[in-house]
Amino acid sequence: MTTLTRRWLAPLLLGLGSAWLVADVAPRLQAHGSEARYVREVDWPRPRIAHTYGLSYSELGLGAYRNEVETHTVGGRQCVAGGLIGFDVDDAYGFDVDEPVTLTLTYAPALTTPFTVVWERNGGDTLGRAEVDPEPGEPLRSVTLTLDRARLAGHGTRGIDIAVGSRGGVCLCDIEVVRSGASRAPAAFGRVRLEVTDAASGRPLPARAGLYDATG
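For the sequence shown, our numbering begins at 3 and goes up steadily by one.
If you're looking for bench data, these hints aren't it; they were derived computationally from the structure. Do not rely on the hints blindly, as some may be mistaken.
Claimed, not checked - Distance ranges between label pairs, derived from CB positions: (1) GLY65 - PHE97: 19 to 29 angstroms; (2) PHE191 - GLY139: 49 to 59 angstroms; (3) THR146 - GLY192: 33 to 43 angstroms; (4) PRO141 - VAL194: 29 to 39 angstroms; (5) LEU147 - SER203: 46 to 56 angstroms; (6) PRO138 - ARG210: 43 to 53 angstroms; (7) GLU70 - PRO111: 20 to 30 angstroms; (8) ALA187 - GLU72: 35 to 45 angstroms; (9) LEU213 - ASP92: 25 to 35 angstroms; (10) VAL198 - THR75: 52 to 62 angstroms.
The C-beta atom is built at its ideal place from N, Cα and C for all residues, glycine as well.
Whole structure, please, built from the sequences with the hints as guidance.
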């Protein structure tokens, strides 16, 4: 083989090798979508629940979960299993309230490890939290919790109000949300105008302010 031939073949072989590498790798690449973290909406219709999501972060105090969401059939019911499952309560049923809300979860003990329920709460640190230890012995079990001072304002990931998480996994087969109706409707509406100025010059100053009631 002459030197000229070797010079001609080298770029050709390099190009063919690169093309093979791209062809071999390209089918394995998948787009993640616009959300950098794991978010998957689940087709799991339930009364008073607008959306159900499998998540890695809830923005309600639970995060860094790695279990992806999947579905199972347990006891004739379609169930949703994963590490972190979020629920967006239908705004038409309740939005920006301040009252106890009853939450009933039906779960499959064989596919569930101890789990945590979190919700957006009025007052304090704005987060409510409850721990649940699964009760074995039956294919399906239910637990009822009172979400104290639930807000349902959609400040979690994708607008969720409630999240259920377990590092070992949780399998939910039903969810029921019932409002107590204790929220008081405002008797009237008003307007507050707040101006912050420099005492010496009278010029407006940037400021951060908050309005709180007696409960915080």
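Hints and how they fare:
1. GLY65 - PHE97: 19 to 29 angstroms: holds, 24 angstroms
2. PHE191 - GLY139: 49 to 59 angstroms: holds, 53 angstroms
3. THR146 - GLY192: 33 to 43 angstroms: This hint holds: roughly 39 angstroms between Cβ atoms.
4. PRO141 - VAL194: 29 to 39 angstroms: violated, 55 angstroms
5. LEU147 - SER203: 46 to 56 angstroms: Roughly 55 angstroms apart at Cβ, these two residues keep to the hinted range, so it holds.
6. PRO138 - ARG210: 43 to 53 angstroms: holds, 50 angstroms
7. GLU70 - PRO111: 20 to 30 angstroms: holds, 21 angstroms
8. ALA187 - GLU72: 35 to 45 angstroms: Between ALA187 and GLU72, where Cβ atoms are some 42 angstroms apart, the hint holds.
9. LEU213 - ASP92: 25 to 35 angstroms: holds, 28 angstroms
10. VAL198 - THR75: 52 to 62 angstroms: holds, 60 angstroms
Of the numbered hints given earlier, the model fails hint 4 alone.
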